[in-house]
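Protein chains in written order, with our numbering: chain A, 145 to 255; chain B, 6 to 118.
Warning: the hint list may mix true and false statements.
Straight-line C-alpha distance at most 20 Å; calculated EDC-like pairs for lysine to aspartate or glutamate [claimed, not checked]: (1) B:Lys-61 x B:Asp-29; (2) B:Lys-10 x A:Glu-203; (3) A:Lys-201 x B:Asp-6; (4) B:Lys-42 x B:Asp-64; (5) A:Lys-155 x B:Glu-47; (6) B:Lys-42 x A:Asp-206; (7) A:Lys-214 x A:Asp-198; (8) A:Lys-197 x A:Glu-223; (9) A:Lys-214 x A:Glu-239; (10) B:Lys-42 x B:Glu-63; (11) B:Lys-73 x B:Asp-29; (12) B:Lys-42 x A:Glu-223; (13) B:Lys-42 x B:Asp-89; (14) B:Lys-10 x A:Asp-182; (15) B:Lys-76 x B:Asp-6.
Honestly, the hints are just simulated from the structure, not real lab data.
Fair warning: this is a prediction, and the values are worked out from it, not measured in the lab.
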Amino acid sequence: DAGITQSPRHKVTETGTPVTLRCHQTENHRYMYWYRQDPGHGLRLIHYSYGVKDTDKGEVSDGYSVSRSKTEDFLLTLESATSSQTSVYFCAIRETGYGYTFGSGTRLTVV
Amino acid sequence: DQQVKQNSPSLSVQEGRISILNCDYTNSMFDYFLWYKKYPAEGPTFLISISSIKDKNEDGRFTVFLNKSAKHLSLHIVPSQPGDSAVYFCAASASGSARQLTFGSGTQLTVLP
Numbered sequence: 145d146a147g148i149t150q151s152p153r154h155k156v157t158e159t160g161t162p163v164t165l166r167c168h169q170t171e172n173h174r175y176m177y178w179y180r181q182d183p184g185h186g187l188r189l190i191h192y193s194y195g196v197k198d199t200d201k202g203e204v205s206d207g208y209s210v211s212r213s214k215t216e217d218f219l220l221t222l223e224s225a226t227s228s229q230t231s232v233y234f235c236a237i238r239e240t241g242y243g244y245t246f247g248s249g250t251r252l253t254v255v
Numbered sequence: 006d007q008q009v010k011q012n013s014p015s016l017s018v019q020e021g022r023i024s025i026l027n028c029d030y031t032n033s034m035f036d037y038f039l040w041y042k043k044y045p046a047e048g049p050t051f052l053i054s055i056s057s058i059k060d061k062n063e064d065g066r067f068t069v070f071l072n073k074s075a076k077h078l079s080l081h082i083v084p085s086q087p088g089d090s091a092v093y094f095c096a097a098s099a100s101g102s103a104r105q106l107t108f109g110s111g112t113q114l115t116v117l118p
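Turn these sequences into a full structure, and let the hints guide you.
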């Protein structure tokens, strides 16, 4: 199994502040994804990456940016956090086939 | 507009009986379907998948059925066990676009002892 870790696991931040979430994988998988999970919506794709410096938008990308300067790290940044971005954020990698392996998630609360 | 729908937010079944979770999709370009299971405070974990060229895939107690004409898939768990209590997400992908997974809203399954 690929190692995939997310940090931090929990974060409380104030409205208007920037926040960066980190996803780290221990193998050289090309595809990485950021999702958010909200009640009634399941998991929705925010951004994804198909290689170093190669990223694209997902379904709910407004208010988020990403960066991937190394294969193993995929960063999600909330430029100016809002209460609507309170959510649980999951990073995922695509190992083989078409399924994903998910990290344990980051619970973000914007107050 | 949700392309993958799970219309039942919750389902309760008795231990030992069959659990049937349902999922509908609207995008005819989807050609691969997956089920994920999620426990509280953990990430979703892969359970079982099916390609659109098949109509059934079985793995132990878990079977997924695909009805392409109805754009419907279902997950059967037999027999259900208390440890199966979790949220189940249906997901689908189409070729291209980095094989993005589109998820349903999930069904909370509770297996009663």
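Results of checking the hints against the structure:
no.	hint	verdict
1	B:Lys-61 x B:Asp-29	16 Å, holds
2	B:Lys-10 x A:Glu-203	16 Å, holds
3	A:Lys-201 x B:Asp-6	17 Å, holds
4	B:Lys-42 x B:Asp-64	14 Å, holds
5	A:Lys-155 x B:Glu-47	16 Å, holds
6	B:Lys-42 x A:Asp-206	28 Å, violated
7	A:Lys-214 x A:Asp-198	11 Å, holds
8	A:Lys-197 x A:Glu-223	19 Å, holds
9	A:Lys-214 x A:Glu-239	17 Å, holds
10	B:Lys-42 x B:Glu-63	16 Å, holds
11	B:Lys-73 x B:Asp-29	10 Å, holds
12	B:Lys-42 x A:Glu-223	32 Å, violated
13	B:Lys-42 x B:Asp-89	9 Å, holds
14	B:Lys-10 x A:Asp-182	15 Å, holds
15	B:Lys-76 x B:Asp-6	16 Å, holds
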